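Trainee: Residue numbering for the sequence shown follows the UniProt record's numbering, starting at 1 and increasing by one per position.
Where hints are given, some of them may not hold.
Calculated lysine-lysine pairs in the PhoX-like style (CA-CA distance at most 20 angstroms, straight line) [said to hold, decoys possible]:
1. K585 x K575
2. K592 x K623
3. K29 x K223
4. K585 x K549
5. K338 x K223
6. K592 x K577
7. K354 x K267
8. K580 x K594
9. K549 x K572
10. K465 x K354
11. K172 x K594
12. K465 x K577
13. K14 x K100
14. K549 x K577
15. K236 x K223
16. K600 x K572
17. K172 x K514
18. K592 x K560
19. K14 x K104
20. K172 x K236
21. K14 x K92
Quick caveat, the hints were computed from the structure, so don't treat them as lab data.
Computed from a prediction, not measured in an experiment: that's the story for all the values here.
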Amino acid sequence: MLNGIMVGVWPESKGFSDDGYGPIPSKWKGICQNDIDTRFHCNRKLIGARYFNKGYAAIVGSKLNASFNTPRDNDGHGTHTLSTAGSNLVAKASAFGFGKGTAKGGSPRARVATYKVCWPPVGGEECFDADILAAFDMAIHDGVDVLSVSLGGEPIDFFNDSIAIGSFHATKHGIVVVCSAGNSGPADGTVVNIAPWQITVGASTMDREFPSIVVLGNDMHYKGQSLSTKVLPHQKFFPLISAADAKVANASVQTALFCQAGAIDPKKAAGKVLVCLRGLNGGVEKGQQASLAGAVGMILANDIFADNEILVEAHVLPASNINYTDGLTVFTYINSTKNPTAYITPVTTQIGTKPAPFMAAFSSKGPNTITPEILKPDITAPGVSVIAAYTEAEGPTNKDFDKRRVQFNSLSGTSMSCPHVSGIVGLLKTLYPNWSPAAIKSAIMTSATTLDNLNEPILNASNIKAGPFSYGAGHVQPNLAMDPGLVYDLTPTDYLNFLCTLGYNETLISLFSKNTYKCPNPINLANFNYPSITIPNLVGPITVTRTVKNVGSPGTYRAKVMRPMGISIYVKPQKLKFEKAGEEKTFNVTLKVKNAQAIKEYVFGELIWSDNVHYVRSPIVVKAV
């Protein structure tokens with residue numbers, strides 16, 4: 001299995017050792033582009049590496065020197081994501097001694113390659129369209145089976161979207177393209193990489209935490225999290241101060257409260273635990289400002305947008321990130337107590353935490369703003385506090401002041417959840433090399449779960465029930481995806497017809513197809529054979545058609561519907577009998593508004609086909625107008 005990723009790599013990472021690997025597969029046509037960086041080496045595990053910077057060079061001009069001509073990862077993002085997708089087993093891995101165990105990628109025996117397309121920001125841009133498209137072309141040429149794309153911008157029309165165009169061409173060659181959903185949540189309509197030929201991945205938590213308890217002088221305890229290796233003297237309480245009360249004279253209250261550079265007065269903060277508000281600048285940067293001002297520790301309180309989402313960070317002083325509600329309580333304690341004090345306990349590792357998973361607040365959400373008939377994201381996977389390999393070119397915080405170097409680091413983002421699914425895709429491609437990208441996507445989506453480890457509905461970061469706009473079909477379940485029973489399949493021609501339905505003319509379609517394509521009669525997007533059903537403007541009754549293919553043993557599947565509020569749904573036929581693998585059956589789903597007045601927003605349900613062994617579940621998303 002050849003797994004490619006569109007970022008750089010630190011090739012010396014142990015997870016990319018080729019011990020125990022045989023010859024490089026004969027189908028591989030890639031290269032190790034180390035003509036300038038001769039210290040960069042590929043092997044029988046890391047079999048390819050290329051860099052693409054001509055688009056970037058057109059902007060920066062003479063500022064582009066030889067140091068840019070390398071696929072080496074200097075900021076850690078590429079190494080982290082590639083190792084998540086396909087690292088070997090590496091014993092005794094940890095992040096600063098926490099979360100100890102054996103690290104491995106989703107497809108640990110996959111051959112991997114990297115395609116570096118992103119560079120230091122210029123005018124707000126890091127990854128240029130010309131470089132992204134060139135990387136897709138070469139990945140197709142080289143012979144990858146899976147492409148993991150932890151990139152994204154704003155949701156835009158497909159004909160202007162280099163990732164959508166590149167991934168379409170990859171999909172035509174049987175390559176499964178997995179993309180991150182974006183980190184602009186929790187606002188609605190923020191999801192990116194919304195083409196139906198992409199697998200779009202949101203981010204959720206896992207059942208592992210790194211607790212560090214904030215203990216106040218009134219004996220109240222609040223569980224936060226951190227990866228700080230620095231500790232306060234055992235159970236010694238220190239004066240507690242809000243950063244707003246520790247500001248220099250010429251700083252605004254807001255600047256100080258967010259612990260921005262130069263805003264904290266050492267005369268007020270020295271020897272105290274400083275409380276900073278999350279947002280605007282990074283948590284580690286806040287801790288650095290606290291440390292420079294002489295604070296002995298930091299409590300990082302979530303703002304209302306982050307709510308219950310805790311990000312563990314490698315702080316430079318004893319620190320703990322607490323949620324929004326607990327943060328309010330801490331500020332209240334400071335304001336109501338003459339001599340407030342606090343203690344921060346050392347960090348520990350806790351496994352089996354509940355509830356998990358829940359959705360990350362940063363994870364971008366639907367609805368799909370370009371084609372609302374296609375539900376996005378498709379799936380969610382672990383993307384919070386993920387421990388994976390890291391570059392040694394910079395410190396774990398990527399800040400100039402951080403001189404530490406680590407082999408593993410903890411990062412959060414949909415960039416981290418994306419390669420989890422890429423690794424799973426790699427395993428599925430190995431099991432079913434002849435399955436189409438759409439069949440693999442369907443297997444992943446229809447086998448997902450919407451329940452957490454308490455067997456309750458998955459929540460968002462505000463402890464409110466999440467929904468398909470957060471997690472798509474649900475949280476990925478790789479073992480069930482190996483035996484999905486039925487799949488909803490699509491071909492490149494189906495995707496071209498999808499573009500035709502959007503009104504694309506021959507000129508626009510030529511961006512996706514080298515051959516001239518004449519559009520047939522337009523289809524109704526409601527009948528596009530996607531593993532979810534989304535009707536964004538239901539007025540009168542509508543009947544949608546889907547076709548499923550049996551990829552398991554012979555059996556009879558029966559339909560079960562969880563109806564969205566105010567919507568009646570009828571499935572015909574109610575029973576599908578399959579006598580052999582590869583057999584296809586078509587069914588209709590009729591949706592009708594029962595009470596339009598009661599439906600103000602989108603409502604959600606699901607359709608399940610089951611033979612009592614497999615449960616092939618599709619989300620149903622409806623908005624009545």
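Trainee: Do the alpha carbons of K14 and K104 lie within 20 angstroms of each other, as the hint requires?
Mentor: holds, 11 angstroms
Trainee: Take the C-alpha atoms of K465 and K577, compute the straight-line distance between them, and say whether it is at most 20 angstroms.
Mentor: Roughly 35 angstroms between the alpha carbons, so the hint for K465 and K577 is violated.
Trainee: Would you check the hint for K585 and K549, treating anything up to 20 angstroms between C-alpha atoms as holding?
Mentor: Roughly 7 angstroms between the alpha carbons, so the hint for K585 and K549 holds.
Trainee: Mind checking the alpha carbons of K592 and K623 for me, to see if they're no more than 20 angstroms apart?
Mentor: holds, 11 angstroms
Trainee: Is it true that the CA of K338 sits at most 20 angstroms from the CA of K223?
Mentor: violated, 24 angstroms
Trainee: Is the Cα-Cα distance between K172 and K514 20 angstroms or less?
Mentor: holds, 11 angstroms
Trainee: Would the hint linking K14 and K92 be met if the CA-CA limit is 20 angstroms?
Mentor: holds, 11 angstroms
Trainee: Can the restraint linking K592 and K577 be considered satisfied, given a maximum Cα separation of 20 angstroms?
Mentor: violated, 27 angstroms
Trainee: Check whether the Cα positions of K172 and K594 lie no farther apart than 20 angstroms.
Mentor: violated, 41 angstroms
Trainee: Starting from K236, check that the Cα of K223 is at most 20 angstroms away, please.
Mentor: The hint holds at about 18 angstroms.
Trainee: So if I understand the rule, the pair passes when the alpha-carbon distance is 20 angstroms or less; does K549 with K572 pass?
Mentor: Satisfied, since the Cα-Cα distance of roughly 17 angstroms is no more than 20 angstroms.
Trainee: Take the C-alpha atoms of K592 and K560, compute the straight-line distance between them, and say whether it is at most 20 angstroms.
Mentor: Holds, because 17 angstroms separates the two Cα atoms, which is no more than 20 angstroms.
Going through the hint list in order, the structure does not satisfy hints 3, 5, 6, 7, 8, 11, 12, 16, 20.
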